[in-house]
Structures are given as C-alpha cells and as structure tokens.
Amino acid sequence: MEFALSEEQVMLQDSVSGYLKGNCSLDVVRQGVAGGITKQADVWQGICDLGILGIIIPGELGGVELGFLDAALIAEALGRAIAPVPFIGSCIMAPVALLNGGSEQQKETWLPKIASGEVVFGVGVTEQIARRETDGIQCSGGKLSGKAMFVVDGVDADMLIIADDSGAMHIVDANASGVTRRALQTIDKTRAVAEVVFDSVEADLLPGSQNDKEPLLKTIDAGRIMIAADSLGAAQVMIEQAVAYAQERKQFDRVIGSFQAVKHMCAEMASDLEPCRSLVWYTAHTVNDMPEETRMLACHAKAHLSEVGRSIAKIATEVHGGMGFTDLLGLHYWFKRVGLNRQLLGSPELVREEAALAQGW
Amino acid sequence: MDLAYSERHQVFRSELQQFLKEHKDSAPKGRASIGKASDEAKQWQQLLIKHGYAARNIPKKYGGYGAEFDILESHIIAEEFSKSNVRPGHSGDERVVPVLLELGTEKQREELIAPTISGEMIWCQGYSEPGSGSDLASLSTKAVLDGDEWVINGQKIWTSGAQHADMCFCLVRTEPDAPKHQGISYLIFTMDRPGIEVRPLVTMTGEAIFNETFFTDTRVPKDGIVGKRGEGWFVANATLKHERGSLGDPNQTESRFRSLVELMKNETIDGTPLIKIPAYRDRLMRLQARMLTMKYNGMRILTAYLKKEEPGLPRWIVKLQGCELNHQIAALAIDAMGELGVLYEDSPYIRDAGMWQKSYMLDLGLIIGGGTAQIQKNMIGERALGLPKEPKYKQGA
Ligand SMILES: Cc1cc2nc3c(=O)[nH]c(=O)nc-3n(C[C@H](O)[C@H](O)[C@H](O)COP(=O)(O)OP(=O)(O)OC[C@H]3O[C@@H](n4cnc5c(N)ncnc54)[C@H](O)[C@@H]3O)c2cc1C
Ligand SMILES: Cc1cc2nc3c(=O)[nH]c(=O)nc-3n(C[C@H](O)[C@H](O)[C@H](O)COP(=O)(O)OP(=O)(O)OC[C@H]3O[C@@H](n4cnc5c(N)ncnc54)[C@H](O)[C@@H]3O)c2cc1C
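Listed in order, the protein sequences are those of chains C and W. Under my numbering, the first residue of the first sequence carries the number 29, and numbering increases by one thereafter. Under my numbering, the first residue of the second sequence carries the number 2, and numbering increases by one thereafter.
Simulated from the structure, these hints should not be mistaken for laboratory data. Some hints could be false.
Listed below are the simulated EDC-like cross-link pairs for lysine to aspartate or glutamate, each with C-alpha atoms no more than 16 angstroms apart in a straight line [as the list claims (entries may be wrong)]:
| hint | chain 1 | residue 1 | chain 2 | residue 2 |
| --- | --- | --- | --- | --- |
| 1 | W | K308 | C | E30 |
| 2 | C | K171 | C | E230 |
| 3 | W | K359 | W | E346 |
| 4 | W | K390 | C | E276 |
Here are a few chain C residues that face chain W, going by a calculated C-beta distance under 7 angstroms [stated by the list, open to error]:
| hint | residue |
| --- | --- |
| 5 | V271 |
| 6 | E302 |
| 7 | A384 |
Where chain C lies over chain W, by a calculated footprint (3+ residues, C-beta under 8 angstroms) [as the list claims (entries may be wrong)]:
| hint | stretch |
| --- | --- |
| 8 | 4 to 14 |
| 9 | 287 to 295 |
| 10 | 300 to 314 |
| 11 | 380 to 387 |
By construction, the Cβ of each residue, glycine as well, lies at the ideal position given by its N, Cα and C atoms.
Could you put together the complete structure from these sequences and hints?
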C-alpha cells in the first residue's frame with residue numbers, strides 16, 4: 029500500500045514545473061495572449077523537447093507510455109503556469125479517442141505525429157454533453173455537416189476529432205474545404221476554444237466508436253480528469269500568492285496575515301484544496317489500474333475541483349484587496365483559467381448528475 | 002502509487018472478514034453508550050481482544066493482544082468494521098491509555114491498563130474549566146503537595162462521562178510561579194474521593210453527557226502523577242494528538258454517507274425516492290465528492306506514517322474538514338426526511354431511532370470540542386501555512 033507519487037513522478041513534475049518557471053512566466057503569457065496566441069510556440073517547443081507530448085501514447089508509436097497519473101501531474105504543472113498550450117485536447121483526449129476507437133492504421137498514422145508535436149489535434153465532444161446554440165453534427169455517407177461548439181484546442185489544431193450525434197467520432201482535417209473555424213473569445217486568454225462549422229466534409233470514422241459509446245465516454249473522462257488537475261495547479265498558485273501577500277502587506281501597522289479574518293480565509297482555502305489533490309491522484313490512477321471506478325470519479329474530480337477552484341479564486345482575490353482586482357498583479361489569469369475549466373466538458377451540476385447515474389442512482 | 006496490500010495484509014483482511022461474518026450477531030447494536038459498558042459490550046470486547054481485533058498492540062501483560070504495531074493492520078481493522086457496520090472494539094480509553102503506555106510508570110500501567118481495555122474502568126478527562134476552554138493552558142484548578150498527597154481545589158467543566166467514571170485524568174496547576182505552560186501537572190486518581198462533586202449538565206440533545214466537576218480539598222496520592230511536576234502540558238498534548246486523530250476519521254464519514262444513501266433510497270415523496278429528486282440528489286453528490294477527498298486524503302496520511310514521514314497539511318485539516326462534513330451529512334439526512342426529520346425521542350414514525358437529529362447535534366459538539374473549528378484554522382494558518390501569530394493583547398492598550 030503506497031498512496032504517494034513515485035520518485036520518477038516527482039522528478040517528472042519538477043522538470044515540467046522547472047521548465048515552465050523559467051520559460052513560461054506571467055510576462056511571457058501576457059505578451060503572447062496580447063497577440064491572441066493560445067499556442068505559444070516557444071513553450072510548446074519546450075515541452076515538446078521535454079518529450080512529454082506522448083505521455084500516454086504507447087512506446088512503439090513514438091510515445092513515452094506512462095500512466096494517467098503522470099499525465100495529470102503535467103496538467104497540474106501547466107495549470108500552475110497558466111501555460112498557453114494545447115495539451116489536454118491534443119495530447120490526452122485525442123490519443124484516448126484514437127487508442128480506444130481508432131483502427132490500427134489510424135493509430136499508426138496519427139499517434140506518432142501527436143507525440144512528436146508535428147500535428148495538433150482539437151477535440152469536439154461538447155454536443156454529446158450539453159448541446160447549445162447548435163443542432164449538432166450529422167454524418168451521412170462519410171461526410172459531416174453541422175456545427176461543433178467549444179472544440180477543445182480547436183483553434184490551433186491541424187486535425188480534429190469530432191463526435192457526431194450518434195456519439196461516433198471522426199477524424200477531420202481542420203483545414204479541409206467545407207470547414208469554417210472561428211475562435212470563441214472567452215474570459216481565459218490562455219487557451220482557445222473554437223466553433224467549427226462543417227459543410228459536407230470528408231471524415232474518417234474511428235470504427236471502434238461507431239456502435240459503442242465507450243471510446244467517446246473515455247475521451248470525455250480523460251479530458252475531465254486533466255481539467256481537474258489543471259484547476260488543482262491553478263488554485264494552488266492562487267493560495268500561495270495569497271499567503272505570500274498576507275505575509276507582506278501591512279495595514280494598521282500589522283501584516284494582514286496576522287488578522288484572523290485573513291488567516292482563516294487562507295486556512296479555509298488550504299484545507300479545501302489539499303484533499304482535492306488526493307482525489308485527483310486517485311482518480312487518475314484508476315484509469316490504468318481500476319478502470320471500473322473511473323467514470324464516477326472523473327465526474328467527481330471535475331465537479332469538485334470546479335467548486336473548490338471557484339471558491340479559492342474568489343477568496344484569494346479578496347485577500348489581495350484592490351490589488352487582486354487589477355490587471356497589474358495578473359491574478360485574474362488564474363481566476364479565469366479556473367473559470368473556463370469549470371464550464372468545459374460539463375459544468376458541475378451536469379457532471380454530478382452523471383456521477384450519480386454512473387453508480388446506478 | 003500502489004494500492005494493493007501485501008499478501009500478509011490480504012490474509013489478515015480476509016480472516017477479519019471471516020471473523021465478522023461469523024460473529025457479527027454477538028456484537029452490540031448501535032453506538033457505544035456513554036458510561037459503564039454493558040455486559041454484552043464487555044464480552045464483545047473480550048472476544049475482539051482474544052482475536053486481536055481490539056487492543057491489538059497493547060502488551061499481553063497489560064491485558065492486550067500484544068501484537069507488534071502495524072499501521073496497515075489498524076487501518077484494515079477500522080475499515081472492515083466500518084464497512085460491515087459492526088461495532089468496533091477499543092483500546093481502552095484512546096485518550097489515556099496511549100499516555101500511560103508512553104509516559105506512565107510500570108506500576109500505573111500494571112494497575113490501570115488491563116481494567117481500562119476490558120471496559121471495567123471508565124475514565125473522564127478533567128481539562129476544561131469555566132475560564133479555560135480554547136486557552137486551556139490558562140487553567141487555574143490547583144494542586145498543592147501535602148506530605149504524600151496532592152490537595153486539589155478548583156472546578157472543571159464539560160467533563161464528559163464524569164458521572165459514570167471510576168477514574169479521572171486531570172490537568173492541575175502545581176507550579177503557580179512558573180510560566181503558564183510550565184506550571185501544569187497531569188494527575189490521575191479515582192473519582193470516589195471525598196471532596197469531588199459531579200453535577201451533570203444536560204446538553205442540547207436532552208441527555209446529560211457532560212458535567213461540572215468540583216474539587217474541594219480533594220486528596221489524591223502523590224504517585225498519581227504522570228510525567229514530572231510541571232510537565233503536564235506536554236503529557237496532555239501527547240493525548241490531544243490521539244484525540245485529534247479520531248475526530249474526523251474518514252471511515253466513520255464513509256459509513257455515515259452509506260447510511261444517508263440508504264435513507265434517500267428508502268424515503269419517498271409521493272412515491273419518488275429522495276435520491277431521484279434533483280435538488281436533494283445534487284446535494285448528495287456534492288457530499289460524496291467531499292467524502293471521497295477525505296478518504297483518499299486519509300490514504301495519503303497513512304502512507305506518510307508508513308514511511309515515517311510527517312504528513313503535514315493533509316493531517317492538519319482532518320478535524321476541521323471531517324467534523325464539518327459529518328455535520329452536513331446529518332443535515333442532508335434530516336432535510337431529506339422533511340417533517341419526519343424533526344421527530345424526536347419516542348415519536349411514532351421516527352426513523353433510525355432519531356439517530357440523525359442526535360448526530361446533527363452531537364456533531365456540532367465535536368466541531369467545538371477537542372479544539373474548535375476556529376482554533377483549527379489558527380493552527381492551519383500559523384503552523385502549516387506559516388502566517389504570523391496574532392500580536393499579544395496588551396493590558397490597557
Ligand atoms: C473596483 C474598485 C474601485 C475603487 N475605487 C476607488 C476610488 O475611486 N477611490 C479610492 O480612493 N479608492 C478606490 N478603491 C480602493 C478601495 O477602497 C480599497 O481597495 C479598499 O479600501 C481596500 O484597500 P486595499 O485594496 O489596500 O486592501 P487592503 O486594505 O490591503 O486589504 C487586503 C486584505 O486584508 C484585509 N484586511 C485589511 N485590514 C484588515 C483588518 N483590520 N481586519 C481584517 N482584515 C483586514 C482586507 O479585507 C483584504 O482582504 C477601489 C477599489 C476597487 C476594488
Ligand atoms: C461535546 C463536548 C464534550 C466535551 N468533553 C470534554 C471533556 O470530556 N473534558 C474536557 O476537559 N473538556 C471537554 N469539552 C470541552 C472542549 O474541549 C471545549 O468546549 C473547547 O476546548 C472549547 O472551549 P470553550 O467551550 O470554553 O469555548 P471558548 O474557548 O470560550 O470559545 C468560544 C468561541 O470563541 C472562539 N475562540 C476562542 N479562542 C479563540 C481564538 N484564539 N481565536 C479565534 N476564536 C477563538 C471559539 O472558537 C468559540 O467559537 C467538551 C466539549 C464538548 C462540546
């Protein structure tokens with residue numbers, strides 16, 4: 029019995045965090061997003077050089093073939109750094125879709141390219157969770173028509189994986205004729221979600237997803253776990269910043285951290301978030317080791333981190349007083365990262381309902 | 002991450018499961034009552050000790066089972082009793098026995114531990130005073146040495162179970178001139194002495210759980226001290242550590258959550274089970290997420306202990322989070338029952354013998370007792386996060 033990270037996992041996370049600390053500071057993020065960039069070339073190249081894009085891709089297909097817990101540690105580090113990179117869609121959800129629904133040929137074609145960073149995938153599954161502002165995606169005669177909303181990493185994608193109304197998934201060239209893409213401006217400038225309209229576009233069906241929803245559901249589970257991990261990292265930073273500020277800022281001749289009102293805000297944030305770490309670890313671990321538990325836990329991790337993340341984003345901002353409200357400090361980048369995470373792939377109420385259904389309740 | 006147990010621990014678990022299957026009918030039902038153990042409870046405890054499922058690590062010569070301490074075995078025992086909803090045994094009084102083992106004299110251990118773990122000897126904790134609750138170290142009940150005896154004068158309060166207790170472990174001021182934490186001694190004595198008066202205090206549940214305990218020239222033997230004179234604060238902290246461990250135990254929370262799910266499947270409005278009604282269902286799911294975080298947090302703490310590391314923050318938050326979560330589980334159970342949820346005592350239609358209302362009140366007592374939620378937050382803020390202490394309040398400032 030050992031509920032802890034291995035030495036290798038600690039090293040993995042340290043190396044990703046270390047790289048991001050040096051190369052993906054708030055200033056770097058700011059400069060990039062000011063130009064509307066959500067895939068910062070240098071940072072993307074940097075994490076590509078760390079060899080982690082193929083974290084869950086099998087070794088013979090160019091990946092490193094580690095587990096979901098390892099992937100979650102990377103997602104957490106990226107959330108800490110509010111890194112503008114298309115990791116969750118391209119490196120996690122797309123490979124999960126391919127590995128569970130793809131033909132051998134599809135896997136051999138695309139997985140090595142994902143692992144090397146040569147190709148970026150966007151993933152559109154929103155319509156299978158909560159359809160809004162669209163009539164969905166129809167597939168007929170191998171061609172897709174309709175509109176996919178909030179496609180994860182869709183703006184920077186070369187290729188797309190899109191779920192149609194039946195839940196079957198397809199590979200589509202993001203630049204094919206008949207595809208119209210538009211970035212949807214959100215509060216979070218560090219990542220991009222796209223609206224993608226298809227007008228009778230040639231699509232390559234993932235055959236395993238045709239009569240079986242499991243590949244789609246696994247793709248969604250994987251995305252949710254990574255989003256939870258991303259929020260974990262982002263919320264952790266907000267606590268650290270609040271605590272540091274509370275130790276430094278003086279009012280009434282005292283550092284504000286010595287006021288109980290402020291101290292208790294910090295203690296509440298820490299005591300709400302710390303157990304979330306265990307939930308994320310455990311949930312990610314089940315994907316490889318106890319898959320029968322994953323669905324319910326992925327829902328809980330996603331929903332619970334959304335709740336705790338929102339509360340921490342608010343309280344940490346308050347600890348900073350007026351400063352928390354400014355662009356100058358930049359705390360709002362984390363606030364917004366957590367804000368986008370909360371709604372993506374199902375808001376907490378929807379996802380909790382799924383967690384109940386997954387238990388037969 | 003490796004959640005599998007060793008072969009040896011798996012065998013240990015399946016033997017325990019077998020034991021529980023065979024013997025669960027001889028276990029007393031419901032929660033342990035406060036005060037004297039029933040004969041049934043004592044027999045159950047004896048059976049558990051004999052098989053090594055209670056007092057497992059207490060040496061044989063003191064009446065225990067005498068196994069080497071193994072934290073995973075303790076964990077498996079707690080888990081399996083909780084899962085099967087069978088009343089667990091105990092290691093005597095979780096607050097005092099560990100202190101006697103760690104710091105008591107050989108004579109104290111020989112005389113006191115065996116009857117305590119068998120359930121013959123009941124203890125009460127004489128710490129809090131009317132003027133000293135959260136600020137326990139300011140306590141003023143004093144003891145003066147007179148020949149071979151301590152002479153105690155003062156008052157304790159909130160002394161749970163004092164009306165049934167045979168023994169008291171008590172903090173008293175013996176060194177009035179020393180700084181406040183260094184002037185306290187830890188005394189143990191029998192409760193049947195002249196000069197001890199116990200007046201029951203009825204709690205909000207309607208039962209007299211705790212008491213006021215008055216000492217007037219109460220004489221207790223000199224050798225009833227644990228540790229040295231003036232070291233009582235440190236001796237007591239050894240026990241508080243054990244107490245904080247059990248308040249907020251995730252196994253209890255999980256078993257309580259399971260009961261809530263059962264209740265929400267069984268209770269209906271117009272024939273629809275509460276678990277199917279969206280607003281209640283969503284609250285249930287929120288609580289499940291929190292229950293799970295605390296369960297895995299517990300596994301993380303356990304792993305730290307296994308590696309002989311200090312668990313740090315995950316440990317600091319257990320009492321605060323766990324007690325609050327238990328309270329909210331009880332709150333949802335009551336809400337799910339609606340008007341039926343406020344039935345009490347001997348009312349017809351009452352569910353689970355009124356257990357949920359009682360829990361809802363008792364849990365609030367546990368949010369307060371053993372270090373209030375606010376004191377927990379101070380400790381988390383100061384010790385775990387490194388925030389500065391509050392400046393001392395200056396007289397006249
Ligand atoms: C949207 C907005 C508009 C504003 N407009 C104006 C304006 O037009 N003109 C103007 O002059 N000002 C303006 N302000 C400033 C505003 O009045 C201050 O932000 C506010 O008084 C708090 O001061 P602070 O930002 O320095 O925070 P701080 O005082 O540094 O507070 C930081 C944190 O410490 C806590 N804290 C501080 N002291 C104590 C204490 N004694 N006990 C417990 N907790 C404590 C605070 O509650 C807060 O959580 C504006 C602020 C905002 C956010
Ligand atoms: C069910 C139950 C059983 C108990 N059993 C026993 C027993 O067997 N033996 C025994 O000795 N004691 C027992 N106690 C007493 C218990 O330990 C005390 O109630 C507890 O330590 C709080 O002390 P108090 O009641 O004096 O509250 P106070 O210390 O007066 O606190 C009142 C309020 O002020 C707040 N407060 C106090 N100091 C601070 C601070 N520094 N910062 C912020 N807030 C503060 C508290 O959080 C609380 O909200 C029991 C209590 C309960 C409820």
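Tested hints:
no. : hint              : in the structure
1   : K308(W) / E30(C)  : holds, 9 angstroms
2   : K171(C) / E230(C) : holds, 5 angstroms
3   : K359(W) / E346(W) : holds, 10 angstroms
4   : K390(W) / E276(C) : holds, 14 angstroms
5   : V271              : holds, 5 angstroms
6   : E302              : holds, 5 angstroms
7   : A384              : holds, 6 angstroms
8   : 4 to 14           : holds (count 5)
9   : 287 to 295        : holds (count 7)
10  : 300 to 314        : holds (count 8)
11  : 380 to 387        : holds (count 6)
The structure shown violates none of the earlier numbered hints.
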